[in-house]
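Student: These are the residues of each chain, in order.
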Amino acid sequence: MKGLFGHKEHLVRVGALFMAGVAAFLVLQALMIPKGFGAYGHYRPGAMDDSRARPLAYAGRAACVECHSDVWEVLQKGKHAHVRCEGCHGPLARHAEDPSAGKALKPDPKVLCARCHQESVARPASFPQVDVAGHSGGEVCTSCHKAHDPLEQGAAR
Amino acid sequence: MSDERTLRREFLFRSGGFLLLTGAAGIAWDALASGEPEKAPNYRTTDHWWAMVIDVEKCIGCGNCVRACKEENDVPREPMYFRTWVERYHVPGGDIEHPQVDSPNGGYDGFPERYRKDDGSKSFFVPKMCNHCAESPCVQVCPVGATFVTPDGVVLVDKTYCLGCRYCVQACPYGCRFIDPRTRTVDKCSLCYHRITRGLTTACCEVCPTGARMLGDLKNPKDPIHEFLRTHQVQVLKPQMATHSKAFYNGLDGSVR
Amino acid sequence: METVLQGVQGYIYPNEVELQWSLLIVLYPFITGLVAGAFILASLERVFRVEAVKPTYRLALLTALAFLLVAPLPLQLHLGHPERSLEMYLTPHTSSAMAMFGFVYLWYLMAVLLLEIWLDYRREIVELARSRRGPLGLAYKALTLGSFDVTQEALSADERASFVVTLIGIPSAFLLHGYVGFIFGSVKANPWWSTPMMPIVFLFSAIVSGIAAVMLLYMATTRLRGHEIDMRCVDTIARYLFYAFVVDFSLEMLDLIHRIYEADESFRTLDFMVKTQLYLPHIVVQIVLGTLLPLGLLAMTQLVALTERARRGVYATAGLLTMVGIFAMRWNVVIGGQLFSKSYLGYTTYKLEFATQEGLLVAVALLILPFLILWGLVRLLPPWAESGDATEARPAA
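Protein chains in written order, with numbering that gives the first Met the number 0: chain E, 0 to 156; chain R, 0 to 256; chain G, 0 to 396.
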């Protein structure tokens, strides 16, 4: 063994050590890379599934209409047709899943209506907005407006 | 069995089978279109290329989107972590280089009135979110591949892989990323990936009362986004960054940052 | 909520309230800069045959190693999940400067610095392996890699190999710290960072800080050992420090003038920041105290004949000011780059804490640690011969 590389033996040893290190690293890398990594790009494909696995909080209007088609009938005809249910009633996926489990809250009209319709300089001029306090004279909005059909015949005019 | 009967039987089986399958496919497609997740399991990423249209002319700053997003995606309520937020711009005298901008708690509780009418200025709301850039700088700088663009165009975060080095937060020109203090990893708008892959729309679009936010699928020829992009003057934020952002803004003023 | 928003001026994107990269990330380029700079000084002797700085050769290498070993620590402490940091080696994203830097670091540590030190110290290692007993003896034996050949031929082979390693080492050192500069300079979203000059500015300021550090360490350790400081050595180092500093300062001024002249969309925001929040760290500490003053002092030693004692005093002062100035430069780049909003409409503040994972206490500890390691290394591999003069124990080439 001695004298194989003459006086450069120690240099060869250090070189071999280095190579061994690189080899060990490559083995480690092969063993520890997450399964499927790189299949679609530089990431773990399981991450897409992880992102898809999140539970729903909002059910989506279609789910509401399944049971509450009567409300949908009213909504369709009025000015709030494009306002989806959960925009006012909050997240209802649990309720849609099991109606007895999570009850839908009836939003407080004193707070809800003004949130969109309180007049503001920054709101587009074409959007229906009023100075709520002056307009209502202290009355709650629903005393004149039906939430699902706010400008129904004869109302608030 | 006679040949005739065999043929008839075969015909019945085949046509019956065909009708059944078509019917099933039809139901599945309807389910997908109307957003009934359980009945539409066949989501193929390569069939979609997601984008978002934000119509500044329609936003009323109600904050529904901010609240819904936090609810749907379990975003920390306090103090300042947002997957989406709304900004209010007030441009005095048309000086687009010096807008006054505010976003009180990201618009979560709406906007207290601050500006007067007829003061020679213009004001408007601008919703912000992850732009799901096709050439995303945040993806480029991630050292390990914990953030990436999916084949259907959504930029996601792999929470089990993220180191929390925050390089991507630095690299995002739009300020849409943050560190979730609970997981100590990065978080950001995922375009409600768990919803859109089930045929639903994003939480923010679901609750937007004016249609200021519209999810779009650029690969779907029937998607209204194509018509919209064709008929409106749209822009992206910070186009000079060449991130190929897929959040298209209609009515974007020059003062918007 | 109110406390979080304290110090916010104007409009910032809501997610920008807290800074992402803290004092530890300021510390990191400072430390790696010292590594690169110390190594460049060592290579002055080895490759460019500047004989005068020979007394500092080994000390410079050991200093580089001590700091290089500490360098990953601020990063680990900063990560949200340090236990996942191996991922950077398992699945490095080749488009990420941060990921590729992991390999540059590893390369530099293994193939350059450790190899260089081993080659230079091999004779002593063999001697100590033969003479020492106990665990220390075992350590030395392990370091010999089983080869006890210290004949003239073997040592000549070492010398040649060492030359090659240093030759590779110089661009590697440039890469090591240039990369850190690139990590910042390539972020197009941040106008304070985004410039092609960043790697170069970082590198030259690293060289300046490294040279100053070795000069100070040499003077301090020589004094502590009760020996005479080799003035020819120190004068030469100071001269190189001066040259490097002139280049570094010119580069920084070029960047500044360029920014002021072009005055792009970010200029007003940055200008305001420099004149207000960054006034103390940038104008006062980095530029006046940390650059102009030491440059003036060093220039003075080149132009005016001073006594040895006076020169030592000037060098020590200039060296310390330089270190402070370069640290301030890192602070101004890292922290400064996060104080303004990407909306260019507002600013936030950096709330430095004291006893937290990324607080002041940890930063100070991380700055002290390399000196402790250096002390250990000096004990293990003495850079100077026992008998008096601080010359290295290599035979002349």
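In case anyone wonders, no lab produced these hints; they're calculated from the structure.
Warning: the hint list may mix true and false statements.
To be verified - Subject to a maximum C-alpha distance of 25 Å in a straight line, what follows is the list of computed DMTMM-like cross-link-like pairs (lysine to aspartate or glutamate):
#, chain 1, residue 1, chain 2, residue 2
1, E, Lys-109, R, Asp-252
2, E, Lys-105, R, Asp-179
3, R, Lys-218, E, Asp-130
4, R, Lys-237, G, Glu-264
5, R, Lys-69, E, Asp-130
6, R, Lys-158, E, Glu-8
7, R, Lys-116, E, Asp-130
8, G, Lys-274, R, Asp-179
9, R, Lys-237, G, Glu-82
10, R, Lys-237, G, Glu-261
11, R, Lys-237, R, Glu-70
12, G, Lys-350, R, Asp-252
13, E, Lys-78, R, Asp-252
14, R, Lys-121, G, Glu-264
15, R, Lys-69, E, Glu-8
16, E, Lys-109, R, Glu-96
17, E, Lys-7, G, Glu-82
18, G, Lys-350, R, Asp-179
19, E, Lys-7, G, Glu-17
20, G, Lys-187, R, Asp-252
21, R, Lys-237, G, Glu-17
22, G, Lys-140, E, Glu-118
23, R, Lys-237, G, Asp-148
24, R, Lys-158, E, Asp-69
25, E, Lys-34, G, Glu-261
26, R, Lys-237, R, Asp-46
27, R, Lys-218, E, Asp-48
28, R, Lys-116, E, Asp-48
29, E, Lys-7, G, Asp-148
30, E, Lys-105, R, Asp-108
Student: Starting from the hint list further up, note which numbers the structure goes against and sort them upward.
Tutor: 1, 2, 3, 5, 6, 8, 9, 11, 12, 13, 15, 16, 17, 19, 22, 23, 24, 25, 26, 28
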